[in-house]
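**Student:** Sequence:
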Amino acid sequence: MGLQYGVLLRDQIVEISTNIKKMKKVYISQQPIYIKLFSGIYINHKLNKVKKRLPKIYRDELQGISDGSGVPFDDLIFINVSGNLIKGYCASILLREKSNKILHGRNFDLVPHFLSNYFVIVNYNNDIKFTNFGIISYIGSFQGINENGIAISLN
393 MGLQYGVLLR DQIVEISTNI KKMKKVYISQ QPIYIKLFSG IYINHKLNKV KKRLPKIYRD
453 ELQGISDGSG VPFDDLIFIN VSGNLIKGYC ASILLREKSN KILHGRNFDL VPHFLSNYFV
513 IVNYNNDIKF TNFGIISYIG SFQGINENGI AISLN
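First residue of the sequence shown? That's 393 in the numbering used here, and the numbers climb one at a time after it.
Rather than coming from a laboratory, the hints here were simulated on the basis of the structure. Treat each hint with caution, since some may be false.
Claimed, not checked - Straight-line C-alpha distance at most 20 Å; calculated EDC-like pairs for lysine to aspartate or glutamate: (1) Lys441 <-> Glu453; (2) Lys490 <-> Asp501; (3) Lys416 <-> Glu453; (4) Lys443 <-> Glu453; (5) Lys448 <-> Asp466; (6) Lys448 <-> Asp501; (7) Lys490 <-> Asp466; (8) Lys413 <-> Asp403; (9) Lys441 <-> Asp452; (10) Lys414 <-> Glu453; (11) Lys448 <-> Asp459; (12) Lys521 <-> Glu539; (13) Lys416 <-> Asp466; (14) Lys416 <-> Asp452; (15) Lys417 <-> Asp452; (16) Lys441 <-> Asp403; (17) Lys493 <-> Glu539.
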């Protein structure tokens with residue numbers, strides 16, 4: 393899982409990785425000297441802890457994306473846990489029409505704004521079919537809906 397995704401979206405995944413690395417350098421450069429000196433050790437320590445706790449299904453997906461895109465596995469882990477560098481001002485809304493039909497809407501107001509250029513819709517044909525609306529290279533779901541009409545949003 394993830395290999396086809398990595399191959400098909402290689403260029404975009406590489407762009408995201410490059411931009412996140414630039415953000416990481418800027419973020420580290422703004423820290424006090426005592427943090428700058430040990431930032432590499434600290435980040436690697438934290439990434440190793442995440443890797444140990446990350447469920448196998450997600451590790452396998454990230455490894456597939458890495459194999460397909462050529463972006464190192466650790467860089468993909470960092471991209472997926474770099475929440476302290478990424479902020480969202482997203483909102484979701486639910487609306488019930490008079491016919492009882494429910495509409496679920498969402499916007500993606502992400503900071504850094506460049507991530508909004510990497511929106512992707514992926515259909516999964518597992519035991520329960522679902523569609524994920526997300527950002528290229530991010531595993532999990534920002535928003536999705538399954539074949540039974542159950543929808544989620546992460547804001």
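**Student:** With the threshold set at 20 Å, check whether the alpha-carbon distance from Lys448 to Asp501 stays at or below it.
**Tutor:** Roughly 30 Å separates the two Cα atoms, so the pair is violated.
**Student:** Compare the distance between the alpha carbons of Lys416 and Asp452 with 20 Å, and conclude whether the hinted pair is satisfied.
**Tutor:** 25 Å, violated
**Student:** Compare the distance between the alpha carbons of Lys417 and Asp452 with 20 Å, and conclude whether the hinted pair is satisfied.
**Tutor:** 28 Å, violated
**Student:** Would you check the hint for Lys490 and Asp501, treating anything up to 20 Å between C-alpha atoms as holding?
**Tutor:** With Cα atoms ~30 Å apart, Lys490 and Asp501 exceed 20 Å; violated.
**Student:** Take a quick look at whether Lys448 and Asp459 sit within 20 Å of each other, Cα to Cα.
**Tutor:** It holds: about 16 Å lies between the C-alpha atoms, which stays within 20 Å.
**Student:** Compare the distance between the alpha carbons of Lys521 and Glu539 with 20 Å, and conclude whether the hinted pair is satisfied.
**Tutor:** 5 Å, holds
**Student:** Holds or violated: Lys416 and Asp466, Cα atoms, limit 20 Å.
**Tutor:** Answer holds: Lys416 to Asp466 is near 14 Å, not above 20 Å.
**Student:** For the pair supplied as a hint, Lys490 and Asp466, confirm whether the alpha-carbon distance does not exceed 20 Å.
**Tutor:** It is violated: about 49 Å lies between the C-alpha atoms, which goes past 20 Å.
**Student:** For the pair supplied as a hint, Lys441 and Glu453, is the alpha-carbon distance within the 20 Å limit?
**Tutor:** 18 Å, holds
**Student:** CA of Lys416 to CA of Glu453, is that 20 Å or under?
**Tutor:** Roughly 23 Å separates the two Cα atoms, so the pair is violated.
**Student:** Check whether the Cα positions of Lys493 and Glu539 lie no farther apart than 20 Å.
**Tutor:** Distance of about 16 Å is within 20 Å: holds.
**Student:** Keeping to a limit of 20 Å between CA atoms, is the pair of Lys441 and Asp452 held or broken?
**Tutor:** It holds: about 16 Å lies between the C-alpha atoms, which stays within 20 Å.
In terms of the numbered hints stated before, the structure departs from hints 2, 3, 6, 7, 10, 14, 15 and 16, listed from lowest to highest.
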